[in-house]
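**Student:** Sequence:
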Amino acid sequence: MNPQLLREIDELHAQICEGLADPKRIALLYALREGATTVNQLAETLQLPQATVSRHLKILRERNLVAARRDGMNVYYSLTNDKILEALDLLRQVLNDNLNRSATLAKAIA
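Quick note on our numbering: the sequence shown kicks off at 1 and runs consecutively.
Hints were generated in silico from the structure; no laboratory data involved. A hint or two may mislead.
Below, computed lysine-lysine pairings styled on BS3-like, alpha-carbon distance capped at 25 Å [unchecked claim]:
#1 LYS107 x LYS24
#2 LYS58 x LYS24
#3 LYS83 x LYS107
Distance ranges between label pairs, derived from CB positions [said to hold, decoys possible]:
#4 PRO49 x ALA108: 43 to 53 Å
#5 GLN93 x GLU18: 17 to 27 Å
#6 LEU90 x LYS58: 35 to 45 Å
#7 ALA108 x TYR76: 45 to 55 Å
#8 LYS107 x ASN64: 23 to 33 Å
#9 GLU62 x ARG101: 17 to 27 Å
#10 ARG101 x LEU5: 27 to 37 Å
#11 MET1 x LYS83: 37 to 47 Å
#12 ALA103 x TYR76: 40 to 50 Å
#13 LEU95 x ASN64: 18 to 28 Å
#14 GLY35 x MET1: 16 to 26 Å
#15 LYS107 x GLU8: 20 to 30 Å
We treat Cβ as the ideally placed atom computed from N, Cα and C, and that holds for glycine.
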């Protein structure tokens, strides 16, 4: 494959990863598993200030991880692709494997 094209793909991949690189954004993405919802509903569910939720949703929108749809006075946010949650779930499995490995090493040292 063309090296320039590979660099562009890697850059886009990194932008998605940047979108996932905050615990609050991960929590927002999981909260959207149930479907489209408003900033206020997300703030209440996650017990975060509305301004914080709005700021993180903006970052997720910029990386095309969530979409916004206006309905009257409300803006509803939803996942752009359910595979986002599959990717997060896979990362949690990797985390679990790493923690298990660390626990095994800790037991061996003790």
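**Student:** Give a verdict on every hint.
**Tutor:** Status of the hints after comparison with the structure:
Taken as a hint, the LYS107 and LYS24 pair is broken in the structure, with Cα atoms around 32 Å apart against an allowance of 25 Å. Distance check on the hinted pair: LYS58 and LYS24 sit about 13 Å apart at the alpha-carbon level, within 25 Å; holds. Our distance criterion of 25 Å between C-alpha atoms is broken by LYS83 and LYS107, whose separation comes to about 36 Å. A hinted range of 43 to 53 Å for the beta carbons of PRO49 and ALA108 is consistent with their spacing of about 44 Å.
Look at GLN93 against GLU18: about 21 Å separates their beta carbons, and that is inside 17 to 27 Å. A hinted range of 35 to 45 Å is violated for the C-beta pair LEU90 and LYS58, which are about 26 Å apart. For the pair ALA108 and TYR76, the beta carbons lie near 51 Å from each other, so the given range of 45 to 55 Å is met. Under the hint 23 to 33 Å, the C-beta atoms of LYS107 and ASN64, about 43 Å apart, miss the expected range.
Range check, GLU62 to ARG101: Cβ separation about 35 Å, and the 17 to 27 Å hint is violated. Taken as a hint, the range 27 to 37 Å holds for the pair ARG101 and LEU5, whose Cβ atoms sit roughly 36 Å apart. Taken as a hint, the range 37 to 47 Å is violated for the pair MET1 and LYS83, whose Cβ atoms sit roughly 22 Å apart. Distance hint for ALA103 and TYR76: a CB-CB separation of about 42 Å, consistent with the stated range 40 to 50 Å.
Taking the beta carbon of each, LEU95 and ASN64 are about 24 Å apart, inside 18 to 28 Å as hinted. Take GLY35 and MET1: their Cβ atoms lie about 37 Å apart, and the range 16 to 26 Å is violated. Evaluation of the 20 to 30 Å hint for LYS107 and GLU8 yields a failure: the beta carbon distance comes to about 45 Å.
Of the hints listed earlier, those the structure fails to meet are numbers 1, 3, 6, 8, 9, 11, 14 and 15, in rising order.
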